[in-house]
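Asks: Oh and the sequence shown: position 32 is 55 in the working numbering, straight run, nothing missing.
Derived from the structure by calculation, the hints contain no laboratory data. Computed from a predicted model, the values in this text were never measured in an experiment. Ideal Cβ placement from N, Cα and C applies to all residues, glycine included. Don't take each hint at face value.
[As the list claims (entries may be wrong)] Computed spacing ranges between beta-carbons, pair by pair: (1) Arg50 - His137: 17 to 23 Å; (2) Trp133 - Pro77: 19 to 25 Å; (3) Val123 - Asp68: 31 to 37 Å; (4) Glu78 - Val46: 28 to 34 Å; (5) Ala122 - Thr76: 16 to 22 Å; (6) Ser120 - His34: 18 to 24 Å; (7) Ala122 - Asp66: 33 to 39 Å.
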Amino acid sequence: MTTSRGPGLRHALLHDADCGFCVRSARWVQRLGCDVEMVAWQDFDELAAYAITPEAAHAEIHLVDGDRVLRGHEAIAGALRRSSYAVVRAAGAVLGSRAVRPVASRSYTWVAAHRQSLPGGTATCSLEERKAS
């Protein structure tokens, strides 16, 4: 179990430990050489300190990057920009660019809504299923 070190934590990617797709995706971020600490939002003691609600943390990935917080596709772009591999950093720059933002945002929203059907996903990944419980 990984817990936060409190406000000022640098480069923590908060993922949903109850979602197999999210855990699998977090492992990919690590394999891509990204210099971010993978932290399950359920184990992150400082959600409130970063103005992140449990509902928001459940709905989308967050990157605590110093004192700022990135969400959704911007969090993924921010994590990729911290890779030791130039091509991955470039992909992060493109993903986070203003030109790609509309498509990236809609794509992320679609993936989040269908994560239970994606590789590693299970019924517990479903946003609708989890809202009902």
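Asks: Would you mind marking each hint as holding or not holding in the structure?
Replies: Comparing the hints with the structure gives:
no.	hint	result
1	Arg50 - His137: 17 to 23 Å	holds (19 Å)
2	Trp133 - Pro77: 19 to 25 Å	holds (23 Å)
3	Val123 - Asp68: 31 to 37 Å	holds (34 Å)
4	Glu78 - Val46: 28 to 34 Å	violated (20 Å)
5	Ala122 - Thr76: 16 to 22 Å	violated (30 Å)
6	Ser120 - His34: 18 to 24 Å	holds (20 Å)
7	Ala122 - Asp66: 33 to 39 Å	holds (36 Å)
Hint compliance for this structure: hints 4 and 5 are not met, and every other hint is.
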